[in-house]
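Q: Below are the chains, spelled out letter by letter.
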Amino acid sequence: MSENGDAPNGSAPADGTTAKVKAGRHREATLYHALHGAGAGDGRTLEQLRAAAREAYDSLELPVWRRSGFWTTSLADLDIDALSTEGGDGIPEIVTRTLPDAPFAGRIVQSAGAVVHVELDPSLAERGVVLTSLRDAFRDHPELVAEWYSKRLTLDRNKLEAANAAFWEGGAFLHVPQDVVVEAPFQIVYAIDRPGVAQYGRTLVVGGRSSDFRVHEYDLGEDFEGQALHAGAFELYLQDGARCRLAQVQDWGSGEVFDVSTRVVSIGRDAYCHWLPALVGGHLVRQHLELAVTEPGGDMAFRGVFFAEEREHLDLFAVDLHETGPSGGDVHWRGAATGESRASFEGLIQIDPGSQQTHTYLQIHSMMLSPKARIDAIPSVLVSADDVSASHGGTVGELDETAIFYMQSRGLDRAAAVRVIVEGFFEPLVAELDDEALEEIVREKVAAKLAAAREDIETYATSR
Amino acid sequence: MADLEIRDLYVRTEDREILRGVNLEINRGEIHALMGPNGSGKSTLANTLLGHPSYEITSGSISFKGEDITEAEPHDRAKAGLFLAFQYPVSIPGVSVANFLRMAINAKREEPIQVKEFRTQLQHAIELLDVDRAFTSRHLNDGFSGGEKKRAEILQMAMLTPDIAILDETDSGLDIDALRTVAEGVQKLHDEQGLGALIITHYQRILHYVKPEFVHILMDGRIVLEGGVELVERLEREGYDQIRQEVGAAAGAVDDGV
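So the protein lines, in turn, are chains E and L.
Per my numbering, residue 11 is the first one in the first sequence, and the count goes up by one each step.
Per my numbering, residue 59 is the first one in the second sequence, and the count goes up by one each step.
Read the hints as simulated data drawn from the structure, not as lab findings.
From a predicted model like this one, the values you see are computed outputs, not experimental measurements.
Cβ coordinates follow ideal geometry from the N, Cα and C atoms, glycine included.
Heads up, some of the hints might be wrong.
No more than 20 Å apart at the CA atoms, straight line, and that leaves these computed lysine to aspartate or glutamate pairs for DMTMM-like [unchecked claim]: (1) Lys137(L) to Asp126(L); (2) Lys166(L) to Asp423(E); (3) Lys123(L) to Glu83(L); (4) Lys123(L) to Asp61(L); (5) Lys269(L) to Glu294(L); (6) Lys137(L) to Asp423(E).
Computed from the model, here is a short list of chain L residues facing chain E with C-beta under 8 Å [stated by the list, open to error]: (7) His110; (8) Pro111; (9) Ile281.
Could you build all of it, start to finish, from the sequences and the hints given here?
A: As structure tokens, then:
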């Protein structure tokens with residue numbers, strides 16, 4: 011069951027005094043309520059939603075997330091008023107440097123607050139595929155967008171969510187119509203190439219019935235000195251029978267980049283999603299990831315890789331949500347940490363009442379590579395149906411000295427052996443990206459982190 | 059001077075002394091068998107020769123090809139031409155046998171090995187060890203059966219062409235077919251490449267397929283008896299207990315004499 015909160019929510023002390031409510035004292039998993047109802051379907055226009063969000067933004071403080079006293083994610087150090095939402099111009103160098111030289115179906119690039127590049131295979135445009143900034147989508151495809159925009163996203167849970175809903179500019183909208191099958195990936199890029207930026211990224215993707223496509227999101231930051239913010243909101247809706255492979259590579263670079271994002275994937279009848287975020291860099295990252303089966307027959311593979319270094323702080327809340335059955339789920343995350351970094355992965359399986367014949371499994375494996383690094387993995391299961399199977403497992407590992415000696419006895423030096431182990435640790439998931447260029451990017455980022463932490467890892471080993 | 063010289067080696071782990079004055083000389087092209095009952099220190103010697111960090115050498119020395127390697131890092135010993143086939147090979151998930159072999163080969167070279175050359179060598183080794191080609195794309199030792207692990211050890215040995223290989227109870231847990239394949243592989247590498255080997259075993263079985271020229275018997279951390287292949291036959295007849303009684307008596311006599 012859930013392991014949250016140092017006090018039960020809403021209970022008043024016996025003496026009748028009112029319990030003091032600390033900011034952020036509850037964690038979602040206490041009883042998770044899916045995010046929905048803030049946008050599409052409630053009749054409000056974009057302007058009305060923005061105004062409501064603006065109001066929430068003004069009334070809220072910067073959020074603090076706490077869990078049972080020993081884990082806190084605080085944005086107290088973020089000087090949000092010093093940041094600007096001004097747009098960039100031109101494709102930043104970090105983007106051209108990072109994106110693979112491989113075929114793609116479409117590409118949209120947002121730098122800071124502006125979309126600076128949109129490109130779509132003309133043959134796909136002819137078949138009705140839409141790839142455009144979300145701003146333009148509201149103008150050019152108002153009915154389509156209104157049906158889905160913010161359907162499962164809230165706008166006032168915290169100040170940054172409200173900021174996104176109130177201030178987003180540019181944004182990305184992708185619609186793959188019914189029966190359209192696209193092999194090459196659609197690339198959605200958010201880049202921050204200088205300090206002082208507040209980027210409110212907003213992505214809406216809709217996969218029509220029986221469509222089949224790939225989305226690769228890149229969140230890229232240049233190495234700079236100073237603060238920046240990416241407060242993102244991402245939503246993907248898969249209609250009946252649609253299939254999507256969604257991958258995300260996030261590396262905000264060595265700047266003081268805060269990333270507070272909410273990402274929701276909703277899986278319709280007999281639809282399928284394979285979702286794999288690779289989170290490999292960010293000063294402070296807090297992500298709320300929800301993968302929800304909303305109609306019978308939906309199936310999902312929810313994967314994830316993270317690697318924190320130096321003083322990075324990573325706080326992930328991932329939900330494997332089954333709102334109906336029969337449905338399938340398979341959650342598998344792997345994370346590593348070096349330096350003095352801290353990572354928390356809270357994974358929740360929730361099977362709502364009536365979601366019979368749901369089968370799901372959650373596993374989280376972590377590897378700590380330095381004495382001051384810390385990873386907390388907290389799986390929980392909330393089941394409200396009886397004809398289901400749901401379980402979780404996981405491992406917390408350190409480097410296996412026997413394996414290192416084994417490889418050394420074959421001529422690999424210690425650093426190479428460590429690299430083999432850590433790369434091997436991530437490899438099962440990296441290989442699942444099923445896209446050579448993307449796999450290579452993730453492998454290189456893992457290798458670079460290991461190289462950077464080489465001394466640290468060495469000291470750790472010899473100290474034991 | 060022998061290629062591998064072990065001089066008066068004393069080794070301990072955290073809780074106890076295991077080797078108590080081992081002397082041994084092995085040259086390229088020679089096949090040695092090291093036999094002994096459980097707990098005599100066979101695996102300790104094998105791991106110490108490759109520099110396992112859990113074993114502390116308290117006195118004595120190891121030299122290889124004229125260099126003192128007593129304190130050398132394991133990977134430097136490997137690069138110099140020593141090899142250890144593990145009693146319990148470690149699984150390395152996420153790395154294929156072929157990729158691992160390529161890394162290990164490249165670790166010993168200035169320039170990375172050419173793809174074609176690597177393939178040719180791999181094909182040769184695959185045939186020698188009678189393994190399936192698909193075997194090399196599986197993750198190293200991950201989910202391997204006992205027999206597959208031991209074959210993978212010898213496959214690595216064949217690819218890395220060491221001067222002297224230590225085989226730590228490679229025969230244990232093998233069925234007769236796997237045992238024959240592994241043993242014949244060792245014999246062939248000896249015949250073709252001049253491999254020197256120290257075959258560590260508890261049993262005599264493997265020595266029906268690989269013929270050692272030198273046999274050493276280790277008991278209680280010391281080599282108590284040395285000879286040719288006739289020692290194996292004697293051991294088969296008499297067992298360790300009888301030999302222990304004899305050498306025990308002899309050792310006792312020596313001790314008394316001091």
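Q: It remains to establish, for every hint, whether it holds in the given structure.
A: Quick rundown of the hints versus the structure:
no.	hint	verdict
1	Lys137(L) to Asp126(L)	holds (14 Å)
2	Lys166(L) to Asp423(E)	holds (10 Å)
3	Lys123(L) to Glu83(L)	holds (11 Å)
4	Lys123(L) to Asp61(L)	holds (5 Å)
5	Lys269(L) to Glu294(L)	holds (15 Å)
6	Lys137(L) to Asp423(E)	holds (10 Å)
7	His110	holds (6 Å)
8	Pro111	holds (7 Å)
9	Ile281	violated (23 Å)
Violation of the numbered hints given earlier is confined to hint 9; every other hint is satisfied by the structure.
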